[in-house]
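Novice: Spelled out, the chains give:
Number of protein chains: 2
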Amino acid sequence: MSNFLYVIPVMGIIALLFMIAKSVWVSKQGSGNEKMTEIARHIAEGAMAFLKTEYKILTYFVIIAAILLGYMGYVNPRSSWIIAIAFIIGAVLSAFAGFNGMRIATKSNVRTAEAARTSLSKALSVSFTGGSVMGLGVTGLAILGLGALLIVVLNLFGVINAQNGELEKALEVLTGFSLGAESIALFARVGGGIYTKAADVGADLVGKVEAGIPEDDPRNPATIADNVGDNVGDVAGMGADLFGSFVSTIIGTVVLGGEISKQPGFTDGYNGLSPVILPMVIAGVGTLFSILSTYFVKVKEGGNVQRALNVGNWIAVILTAISAYFIIINMLPATLTLRGHSFTSGGVFGAVIVGLVVGTLMSVITEYYTAMGKRPVNSIVSQSSTGHATNIIGGLAVGMESTMLPMIVLAAGIYGSFAFAGLYGVAIAAAGMMATTAMQLSIDAFGPIADNAGGIAEMSELPKDVRAKTDILDAVGNTTAATGKGFAIASAALTSLALFAAFVGVAMPDPSTQHIDIYQARVLAGLFVGAMIPFIFSSLAIAAVGRAAMAMVEEVRRQFREIPGILEGKGKPEYEKCVAISTNASIREMLLPGAIALVVPVLVGFIFGPEVLGGVLAGVTVSGVLMGMFQSNAGGAWDNAKKSFEKGVDIKGTTHYKGSEPHKSSVTGDTVGDPFKDTSGPSMNILIKLMSIVSLVIAPTLANRFNSTVPETGAVSPSGAKTEYRDARAQATSTFLYGPEVKNLRIMAVPDRNRFPG
Amino acid sequence: MSNFLYVIPVMGIIALLFMIAKSVWVSKQGSGNEKMTEIARHIAEGAMAFLKTEYKILTYFVIIAAILLGYMGYVNPRSSWIIAIAFIIGAVLSAFAGFNGMRIATKSNVRTAEAARTSLSKALSVSFTGGSVMGLGVTGLAILGLGALLIVVLNLFGVINAQNGELEKALEVLTGFSLGAESIALFARVGGGIYTKAADVGADLVGKVEAGIPEDDPRNPATIADNVGDNVGDVAGMGADLFGSFVSTIIGTVVLGGEISKQPGFTDGYNGLSPVILPMVIAGVGTLFSILSTYFVKVKEGGNVQRALNVGNWIAVILTAISAYFIIINMLPATLTLRGHSFTSGGVFGAVIVGLVVGTLMSVITEYYTAMGKRPVNSIVSQSSTGHATNIIGGLAVGMESTMLPMIVLAAGIYGSFAFAGLYGVAIAAAGMMATTAMQLSIDAFGPIADNAGGIAEMSELPKDVRAKTDILDAVGNTTAATGKGFAIASAALTSLALFAAFVGVAMPDPSTQHIDIYQARVLAGLFVGAMIPFIFSSLAIAAVGRAAMAMVEEVRRQFREIPGILEGKGKPEYEKCVAISTNASIREMLLPGAIALVVPVLVGFIFGPEVLGGVLAGVTVSGVLMGMFQSNAGGAWDNAKKSFEKGVDIKGTTHYKGSEPHKSSVTGDTVGDPFKDTSGPSMNILIKLMSIVSLVIAPTLANRFNSTVPETGAVSPSGAKTEYRDARAQATSTFLYGPEVKNLRIMAVPDRNRFPG
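Quick mapping for you: the protein sequence lines, in order, are chains A and B.
1 is the number of the first residue of the first sequence in the UniProt record's numbering; add one for each residue after it.
1 is the number of the first residue of the second sequence in the UniProt record's numbering; add one for each residue after it.
Hints were generated in silico from the structure; no laboratory data involved.
None of the values given here were measured: they were computed from a predicted structure.
Treat the hints with caution; some may be incorrect.
For chains that are exact copies, the list does not tell them apart, and a pair is met inside one copy or across any two.
Unchecked claim - Think about it this way: if two alpha-carbon atoms lie no more than 27 angstroms apart in a straight line, the pair counts; the simulated DSS-like pairs of lysine-lysine are:
#, residue 1, residue 2
1, Lys643, Lys664
2, Lys577, Lys652
3, Lys643, Lys374
4, Lys643, Lys658
5, Lys464, Lys298
6, Lys208, Lys664
7, Lys122, Lys28
8, Lys570, Lys122
9, Lys572, Lys169
10, Lys658, Lys374
11, Lys658, Lys208
12, Lys647, Lys28
13, Lys374, Lys652
14, Lys658, Lys52
15, Lys122, Lys464
16, Lys577, Lys658
Assemble the whole structure, with the sequences as input and the hints as a guide.
Specialist: Below, the structure written as structure tokens:
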């Protein structure tokens, strides 16, 4: 094995070392007075308790899934059982990334509050460093894990260079890693999302609306659960999510790169592996530049926090883009070919730039639709003056409208990156976007830390100016959360397409059958069913929040009624009962949506074959992207419409403030938007990637089952060939279902004629 | 020309004669006291004034579109200019169908109120007969128009039998008819939908919520506008909508039937035209049985109105299904072939049955999700107890969930009808579902008539028991409206697929190029853009309602404030100002969504070619069906959740009635649901059909432009052929854009390489 491969895990280790250093620094900061420490301890304990419960359930899932994967590798010569081990590693690292981020976040929150007693600059420093521990942890683990695993499997499958040994099988193992990571991501995002929003909605509905007490008021029994939720949903959930995204974006490119590499005669200075390792190198370099740029995020007292973050982000992006140019031109040969389509190394760099432009545009558009003072949010504000219903109508309309430009940008991005470098271009565009994930995630994770710091300041009754400082950070955090979601959905869309293309290549190895033709009735039927999945998934997620929030409301009402003196601050609220409601609801309700994402591709693939599954994947992707943007943006816009009232808004000559009727209407919208933007909306990007990865993992087995004897055009084959085809299928099935011994079983084959002629 | 063709228009004439008879009968009924007559006159005048304004605007549109169509027929030898005339006829008949239904509805409403003074039986009789005038008018005009036009064009293009003369061009003219009908349908549905919901939402928000006065209270200035809205939206809009649906469903089958007919050697007893005329004959027979079954819709005093309607409906459906069997077996030859796929006449009947089963299941599922007392509506009811926000979350979750089973049913229906009779099967399944449109529409249209009757009873202060009777009819009307929408979206989905298949056949005449391959980057990009259109369309529609409702609220508040004694019933409200607000808003706001539906297919088709347009159409269809069901069902469920409070609902041991806090929350949901279920939701089915029809109409020109020299697989052609291909394209473009004289102009061609290899 060549030494250049070791560069990749080394970059991961560097990131982890910086993470440890930053983590130590945060821990050394002062954690405030006794009351603050106690509240912080409550939050940290609640969060850890939830994570323990969640991970216990997920352990069962991982074991069962690993056994199934191992079995598939055992019965199918085209699949490998080592994939099961990679799956477990991916799952464990993803869980650890979430855990690690949360651990530091529950330390940083109280330290940020304490720092805010001194200065805004210090508070930003602590909260952003806390966020960057998460960012570096996620990317460091991913790069180390992927790089090390790549070295191991290349050795294991005897890949001396790309044309020697079994490169395909080696890379297939990496898809197992990615499957593990994204599965945990989905459960963590949905579970955490249900937890945090059940608590948030419940706390707001009784606290703000009914009892008229402010947010994070210690008299509210749901307030600890709400703050725990910020950590398990917005931090641990997001950490697992971005670990998964980062990994699967790289994997999509790696698999397509493998196809380029293994072509006879392909040579470069890297044993023919340059297209495979390129995305990992870019990701590693992007992470190193992210580390560098964290040191540029600084703000003076009274300065602009958003600008400080933007400066850091742009430094990372621009340095990464420039170095990507030299890396690509040096690593790749001048011309590459994938599935008959030729392109240049310059084209690959062009595709990276397309990815960066798409990501930037998505962030800009998302910000426009969710920022205070712009037309969309203002329209919701003015529609709040005529009641709850018009506020809701306004928000739904904004959310739906907000899909237009991003979809056009994405379509142009697909078109453009393909024009530059074919399918590899689509994949590398996504990888380019995600290269600075470490920086992106640092920016994203600082928001909930600041939010929590504000909560602790409020609950410990610190002076008003402390809360004012954390509020500045929190407001910036709301914007970065929204733009981060726009970015996430764009990269997920491109990644899914890369994975989709990789799936087609593996499941339909014969180039003449590489179509997903929606003019065929059964493929179109697949498109219909696939497009429905994001709807049912969202429905399950938001209904779960609605139900859990109701239970929370009833519990809080009960405590207000039954605990004497609670509203006067004399009776002690039973915080732990509210924590228990959120925990139980989220664990119970995350399972079904997760199962749908995992089971549907397997069922469709094995019953109807790869082309119908391709239709399903296209449906899931297109509708998932739409629903993700619709829900995230509507939620973000409602949130900021509500926030607009804090400074007072002018509607047709009258100024309305907090507590006015229009403000109450805007709270309704914000509450509806909560599960939209923090539960179902951000789950969409994981859903579409996970279903693509599941398909890619089963692709070798599908190829074995559906392409073993004759190509898919069975309809026009003579009847003899058709029979042979069916027999082959039936045998493949029986082999898969019952192991290699049972060979004479027949199952009903899918009728061949159910394919549009042509 | 053969005599058997004359059977079709004759069936249309029979339907129109019955319509006239029923219309005369309704006019003869007593129209009540002076106050009732005056209110009815206000409503009728308001409705007619709106329709006049709307039709004036649409006249400009029809003229411009007709000129463009005529021009296309002039420059492109494959297209016919007569299509422009057919377009005008289709538009005029659609407008007339809406006008006619509304004229009789504004007569029936007051007569139903008067009849309700006598008995429920009489009231049902008057309102249902009023509805059936609409039902028979729509179907009679459609059958007469289509049948007569078919005879004319067959003569004009010298089609002695299917293989002699230009059958293809003749049928192309019918697509122009359908384009006219669906264009008017879209504008009428959107315009009427904005009108009615702006008035309804506005009236409710100030009247019920703020001033605490009941619905239809004469003190509410928006109340006349609200009742006018029922007529222009729910009656005229729905009439134009179903005229369009009925026509385009038939056309989808006719065009595919034409492909079967023109194959050399195809013979039957009908000059080879049986596959073409079959859908018209089934539609005609279905209409005759619908006439018969209207006489079975009767109810005794205190009887079950829903059952009376169901009996009538089932008689029509069963008789039509039985006769369809004999018609199909007798008309069609035993075996047919379409695009290389063979099937039997028995298979065609099987497809009809699939269509009926799909339609029935869709109605049943829709009823489950929107009916009082079932799990979905009850979940919204119980979530109303914790406030506006949880009510909204509950309704959104129900709406999203409600897409699951229908999408699976539709996918199975596509799969099944195709398995029975190929593409022709998919088309005839839709035609079978729509055959009893006359009965369906009679049932649908009686609802708003009863609703209006209730309004008139309230405003004229008739005894409470009169309103009680109209309320029974109105409640049934709400259910039939919901199930009708489920039915409409199912038939639209199947029709769109038939039109989509017809489009592929015409735009890509070479069978080897008949693919819509979403594995190609540019086609997938098309899918993304297409799927976004229903979102932006819905956004425009509901935002328009929100804005207009706000204006209405402000106007009503102003009148309450400025007109002395208005709330004591002494001051006279200025009804006409509210009517003007709705009229202006709806006319102004219907144009942009309508333009999107018409322009996008043309732009995409001419710039990117038929395959990308195919991707767009698939995207629009799948996302339009989802959004249609989501919005209609959420709206229906919210409505009935609110209605549940009228009888009192039990939530965790406490009974809540009208006026309670949970009821107020449920009113919010109902208000949000109003534009969902009556503006954007039901527009979706027209949107998807209209975009397919536009594509089908431009298909011959696209075929001319994109397929003239070499097939689409330019990527793998030698470079010489590629150049030739581009030249041919460029020439075709210049011919199209600048007329036949300018031939040497070059435009940039779409890069061929932007196609996935394979």
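Novice: Next, verify each hint and record whether it holds.
Specialist: Structure-based check of all given hints:
no. : hint               : in the structure
1   : Lys643 with Lys664 : both (11 angstroms within a copy, 25 angstroms between copies)
2   : Lys577 with Lys652 : between (45 angstroms within a copy, 20 angstroms between copies)
3   : Lys643 with Lys374 : within (13 angstroms within a copy, 38 angstroms between copies)
4   : Lys643 with Lys658 : within (9 angstroms within a copy, 33 angstroms between copies)
5   : Lys464 with Lys298 : within (23 angstroms within a copy, 72 angstroms between copies)
6   : Lys208 with Lys664 : both (9 angstroms within a copy, 19 angstroms between copies)
7   : Lys122 with Lys28  : within (13 angstroms within a copy, 85 angstroms between copies)
8   : Lys570 with Lys122 : neither (34 angstroms within a copy, 67 angstroms between copies)
9   : Lys572 with Lys169 : neither (60 angstroms within a copy, 82 angstroms between copies)
10  : Lys658 with Lys374 : within (20 angstroms within a copy, 39 angstroms between copies)
11  : Lys658 with Lys208 : both (11 angstroms within a copy, 25 angstroms between copies)
12  : Lys647 with Lys28  : neither (36 angstroms within a copy, 64 angstroms between copies)
13  : Lys374 with Lys652 : within (17 angstroms within a copy, 43 angstroms between copies)
14  : Lys658 with Lys52  : neither (39 angstroms within a copy, 46 angstroms between copies)
15  : Lys122 with Lys464 : within (17 angstroms within a copy, 71 angstroms between copies)
16  : Lys577 with Lys658 : neither (30 angstroms within a copy, 33 angstroms between copies)
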